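Chemist: Here is how the chains run, residue by residue.
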Amino acid sequence: MRETPMQRLLSFILGWGTALLLFFPIAWMVLTSFKSERDATSPNLFFTPSLDSYHEVFARADYLSFALNSIVISVGGTVLALLFAIPAAYSMAFHPTRRTRGTLLWMLSTKMLPPVGVLVPIYLLFRTAGLLDTRSGLIAIYALMNLPIVVWMLFTFYKEVPNEILEAGRMDGAKTAGEVWFLLLPLTLPGVASTGLLSLILCWNEAFWSLNLTSAGAAPLTAFIASFSSPEGLFFAKLSAASTMAVAPILVFGWFSQRQLVQGLTFGAVK
Amino acid sequence: MSATTDPDTASFNSEAAATRKVAPFLVMPSIAVLLAWMIVPLVMTLWFSFQYYNLIDPSARGFAGIDNYAYLVTDPDFWVSLRTTLVLLASVLVITVGFGTLLAVLFNQPFPGRNIARVLAISPFFVMPTVSALIWKNLLMHPIYGVFGALASTIGIQPVDWFAQFPLASIIAIVSWEWLPFALLILLTAVQSLDHEQKEAARMDGAGPLAQFFFITLPHLSRAIGVVIMIETIFLLTVFAEIFVTTSGGPGNATTNLAFLIYARALLQYDIGGASAGGVVAIILANIVAFFLVRSIARRLEV
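First to last, the protein sequences are chains A and B. Residues 1 to 271, numbered by our numbering, are exactly what the first sequence covers, in order. Residues 1001 to 1303, numbered by our numbering, are exactly what the second sequence covers, in order.
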């Protein structure tokens, strides 16, 4: 109403222009994945689409094991983080003490430890404990890596639940565990879900520990894609097909949880 | 009535008391694992950084004093890597925060299909780093088969071999593409919370769009921009996967940042002591940033 049609047109052109420009590499990747290897190396827009590259990637005996590793490690790391974080966030949100504020900030500060600063000890500890190239090793790392963010996000969601509801539950004889399980979880299920989703996204895309601590057995998709980096491996169509499959699920998750991501990624500092 | 409520009240009180007693301890497991996760490797890194310790030469062990640090600071590669780290950080910050702010304002204007355009624009943030890097390196920037090369040939200029001629700029482009959506997402959220009446009042007083941007929008965004800068800094100081799959730190040491230098020392040269000294430097760098980030978030935290 206030904007003139000219302004709207300008916003439309600039907005869609930048959006398409930013999205272009992803679109090009998806397009290339449907080309044959011969077509893939020329920027030709006209080609007969085929699923050959997908078939070939699937036919590699190990593709499914990489994908499975990604799923097991991301879900495992997220569930483990939630198991530790739910009681912690409950405790700090509903039974705060003098130290709660300090505890929250300290948890945040552990995120600031750069992974490369502790690469050497973690690598040596993993080697000694036989955890190198194991799923359980990465699950533990991912859970610890995301625990501060998960606690923070859950804490924010729990803060919004009125204490009276829990008290009413207690009146009806709910024990602590029951209070969390039967009252708090259903009430904050959307919050827990989006927290879990953020953790899943971060685990799925993590590419420092997965590249350094796995070789074959427990390597997730990030490492599988990295194996395409060798110069002789210039199979653009297969690279694109494998990449599309590795990216697609998380991209869709990301689209649906933008708003919660802002909260989680900035520790509630931007609203 | 009173006969039935009495036991209930009693049980409520005892349950509530039990909850009150138990609840504060429920945070303990998280604190314990995080403490271990932080302290143990930190102490080990510090310890190794003062030791002679090479995995392929087990005979040479022992206290090294500050030798590892002395070796590090006299190594030209270290200073190059530090410079690369900071150039990468500064360039990506300028690009993402600059364009992020402009795009946030743009995507706040009404236009047809705005929501879809927004979703497309933030998508790169959800692409895993190894995929981003390889798609850019092979499909886009490859001098012969890439899109950029083809475009250059079409308009009749010599295609550029990006990773050979401008290796660091290429890495900066990829990393900026990954983080611009993050800046946009956070800043857009902040722009949306801008008070409309304030802008309206400014318009009534005759403020043009530019004046509105500089005197109302930008000050409103300053806090969010600060948060974006700090969070990106934490991650950008240790960019790794993008370098690992594209240049492996080369050509020469042109794209070796501190993270890649430490990785190469530890897992390619097996120099545990030297890598740990580098690790300590990385931790100190990150903590300078972390100090400001934590302080800024603490101000907003209501417990």
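Do not rely on the hints blindly, as some may be mistaken.
When the alpha-carbon atoms are kept at most 25 Å apart in a straight line, the in silico DSS-like pairs for lysine-lysine are as follows [as the list claims (entries may be wrong)]:
#1 A:159 x B:1199
#2 A:159 x A:175
#3 B:1199 x A:175
To give an idea of the interface, some chain B residues facing chain A are shown, with a C-beta separation under 8 Å as derived from the structure [claimed, not checked]:
#4 1240
#5 1264
#6 1266
#7 1268
Stretch by stretch, here's where chain A covers chain B in the computed footprint (C-beta under 8 Å, at least three residues) [unchecked claim]:
#8 1061-1067
#9 1071-1080
#10 1085-1092
#11 1181-1195
Everything labelled a hint here was simulated from the structure, so no lab data went into it. Keep in mind the model is a prediction, meaning the values are calculated, not measured. Glycine residues also receive a C-beta, built at the ideal position from the N, C-alpha and C atoms.
Chemist: Next step is simple, just say for each hint if it's right about the structure.
Modeler: Results of checking the hints against the structure:
Among the hinted pairs, residue 159 of chain A with residue 1199 of chain B is inconsistent with the structure: their alpha-carbon atoms are about 32 Å apart, more than 25 Å. Proposed proximity of residue 159 of chain A and residue 175 of chain A is supported: the alpha carbons are some 20 Å apart, at most 25 Å. Straight-line distance between C-alpha atoms of residue 1199 of chain B and residue 175 of chain A comes to about 51 Å, which puts the hinted pair past the 25 Å bound. Among the interface hints, the one on residue 1240 of chain B holds; its C-beta lies about 5 Å from the nearest C-beta in chain A, closer than the 8 Å criterion.
Taking 8 Å as the C-beta cut-off, the interface hint given for residue 1264 of chain B is violated, the closest approach to chain A being about 11 Å. Because the beta carbon of residue 1266 of chain B sits about 5 Å from the nearest beta carbon in chain A, less than 8 Å, this interface hint is met. This hint is violated: residue 1268 of chain B has a C-beta 11 Å from the nearest C-beta of chain A, more than the 8 Å allowed. Using a Cβ-Cβ cut-off of 8 Å, 0 residues of the segment 1061-1067 of chain B lie near chain A, which falls short of the minimum of three, so the contact claim is violated.
Counting residues of the segment 1071-1080 of chain B whose beta-carbon sits less than 8 Å from any beta-carbon of chain A gives 0, not enough to reach three: the coverage restraint is violated. Interface restraint, the segment 1085-1092 of chain B with chain A: violated (0 residues with C-beta to C-beta distance below 8 Å; minimum three). Counting residues of the segment 1181-1195 of chain B whose beta carbon lies closer than 8 Å to any beta carbon of chain A gives 7, which meets the minimum of three for the stated coverage.
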